[in-house]
Amino acid sequence: MAIDMSQFHQVFFEECFEGLEAMELGLLNLDTGDIDSEVINTIFRGAHSIKGGSCTFGFNEVADFTHIMETLLDEMRDGRRKVTQLVIDVLLGSVDCLRTMLTSNQAGQDVDGATVEKYRAALEIELNGSVKEPAATASVKIQIVNESSAMATVADEGALIEKGWKIAFCPYLDLLKTGNDPVRMFRELAELGQYSVSVGTQDIPAFDELDPDECNLSWTLEVVGDIAVEEVKEIFSWVEGDCELDIQPFTKTTAQPAPVEKITAAELPAQDLQQLKAEQVETTIYLNTEPPRPEVRQSDNDQLKTSVKASSSIRVDTNKIDTLINMVGEVVITQSMLSLIGENFAIDQLPQLKRGLAQLERHIRDMQQSVMNIRMVPISFVFSRFPRLVHDISSKLGKKIELKLVGENTEVDKAVVELISDPLVHLIRNSLDHGIEIPADRIAAGKSETGTIELNAYHRGGHIVIEISDDGRGLDRNKLILKAIQNGLIDESSILTDKQAFELIFMPGFSTAESVTDISGRGVGMDVVRRNIQALGGNVEIISNLGKGTTISIHLPLTLAIIDGQSVAVGDEIYIVPLVSIKESVNITENMLNKIADKGETFRLRDQYIPIIRMHDIFNVQPNNKSNTGEGVIVVVERQGILCGLFVDELLGPQQVVVKSLETNYRRVQGVSGATILGDGSVALILDIPGLVRFSNR
Amino acid sequence: MAQELKTKSADHNSNNNERENTAQYLSFTLDSEEYGVDILRVQEIRSWEPVSRIPNVPHYEKGVVNLRGSIVPIIDLREKLCIKFKEYTPLTVVVVLQTSDDNKTRTMGVVVDSVSDVITFDKTKIQGTPDFGTKVSNEFINGLVMVNERMLILLDVDKLLELEDLEMEY
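Top to bottom, those sequences are chains A and B. Residue 735 in the numbering used here is what sits at position 56 of the first sequence, and the numbering runs on without skipping anything. Residue 156 in the numbering used here is what sits at position 135 of the second sequence, and the numbering runs on without skipping anything.
You may find that some hints are simply not true.
As the list claims (entries may be wrong) - Covered by chain B, per the in silico footprint, the following chain A stretches (three or more residues, Cβ under 8 Å):
#1 1287 to 1299
#2 1329 to 1341
#3 1344 to 1351
#4 1357 to 1363
FYI, nobody ran anything at the bench for these hints, they're computed from the structure. By construction, the Cβ of each residue, glycine as well, lies at the ideal position given by its N, Cα and C atoms.
Can you build the whole structure from these sequences, using the hints too?
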């Protein structure tokens, strides 16, 4: 019975990536020096399930690698190893390595051996460095004991030293027939500590008498480490009765002689340790100076990965599905009720019919809501990657930064989540690099040494608001204005409000950083951030207090699938203007417009002249009777702070519209962001305001 | 047993050959000419219904309609092939076709005068298109075939429905 395992691969990889994320988060939460077993357990569980899964699906290199990590984590869990920054960094690196391995496996590519080897080496150095440590403390203990009582008996010493166990394992002939595999037991034994094994082959019969089903071998095993006898016994518990087993405490010959020698013995491991540490440092240096080739390959892989990316899937809370199913049930009941009325309809049933229809409408609205809910995922999907980012960058910059996440469970449409993550990364990097000062400056400014960045997400109205606030140096409006004048972005004479001054950082080619770092400061970015957010139908605002900090808030629509629109009539056609971009609408007549150079038309809105876009002209609409009267409506829309008026014939009313792509079957059309289906089944185009303005300026 | 298998596979082969050699085309008329498209590309046949016009696109791209929830463009084949435009009547037919380019499949509708028949013929009978020089563009034409003493012009759906790139500023 062969099962096609590949059908489960997608799920396996998804689970692995989730596990990795959990591990990463756990590692970042792990404070050095402190042993919070719950956190370590979480990390351990992540590693363990990845190991198990990858074994099952035959990704052996992943399994092997995870196994080493697991051993290290196990030591930390048992308190045998202290949690140091070094260990955490090595483990974080290993998590990255695992992620690379898994993504290459997912894409069906070969795993980059060099990178894996690098991390594996780092892990093993960590691991083996620790094996000596307990040994060293053990010897010191012996020394003290021997000083206090020179008459220590050999038995006492054995109990105290307990450096390991010597196991004589002599199985009976039919051990293999009972399904036991000595090799497996030895492997388990190897996990307890350093072990060595010698095999006794004296019982092997002549070749012609040899029965391959019989076990003619015997073994002598030595395992070194701080191990309880129960642990050893447990391994052999399955073969009890199938073998002769003798477990003896085992002490090294060097540990037995007189106290004088013991001092040297105690010193020796310490020296070893130092030597080892030196070696370790050397190796790390070597690792860091390794030729950059593997790195390049890795980034190549990353690029490939994005192109190979399989169809996206989404995990949905079962509760949400249950609600939806209930709702469908309700709709079916209402529908059958209505068809019952319809069968023998008499006019006196009209109120009943109306009630039924109202009920149906309500149910369908609820159902729409629940279907939308399925697409909603908590914003923690994006937030969860930031602790790592902050950890890495702050240590690189030599800053102390605490990241606070608030409202991680706020739900947003999956599409929005995917598109918002890059702009958010950018904003956080900016806060890290430009916002928060270095510790010395902070103390000088009378602030605490550790800077705080707070990420906060919450719902307001039909929007989600994401705030990124730091308690750093804030934006200096004079510096901004000066820089903008230098860069020729604004006029020297222009007077700006605070808000306008802060908005300058969104201008293309603007950067105040004195030095360009690899983190930020190139002056590309903020304009891209704002453009991306506006493309999602949102906007960005900055509030900043010099010396106190900056808050950037992003307002985004909850979903991209449904928008609030205003339908307008142009000639005989209907277009939808997204409600978010509408400022106001004004009734006008032809003679209220002023022409400039016979082409451009403007309209005076209170104290401001705004340019007019005639929808009839730009979309080549046949004017109908109403257009000829010269009356119409100006819909004032805003694009990046600039007002603009759309001249249409009539406002038809606000409505929620389901956004459909024109590009699925057709093409991209200038000035149009999508289409929707109206109540009568016909198609109406949704206007793309920024595109429209660009188009009309041509 | 082995022999049986052999004959079976031979049967299968000949069946395959037969299938490979015949082609089924849906034929329709434009003016007095008869055209055909591969039947496997035809999704459905509908009657003409008003479309929503799309601004600033070639005149033969009539607009889009709502086809069970998806937005499908409608192309007038007469205008695309530079045949005189004819007013749409209740008898005007829209053939919904599936095209593929760059691994992407699209659904599009083409307006034709009327649909006539499904025609099966031998693939080997397809003749190449004679060269008309610059007078007639034959880039959309796969070949010609004689069916019941009438000439059928076979259209290449993918090339026919390839959208012209519009100048865009983004």
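Each hint tested on the structure:
no.: 1; hint: 1287 to 1299; result: holds (count 3)
no.: 2; hint: 1329 to 1341; result: holds (count 3)
no.: 3; hint: 1344 to 1351; result: holds (count 8)
no.: 4; hint: 1357 to 1363; result: holds (count 4)
Going down the numbered hints, you'll see the structure goes against none, and every one checks out.
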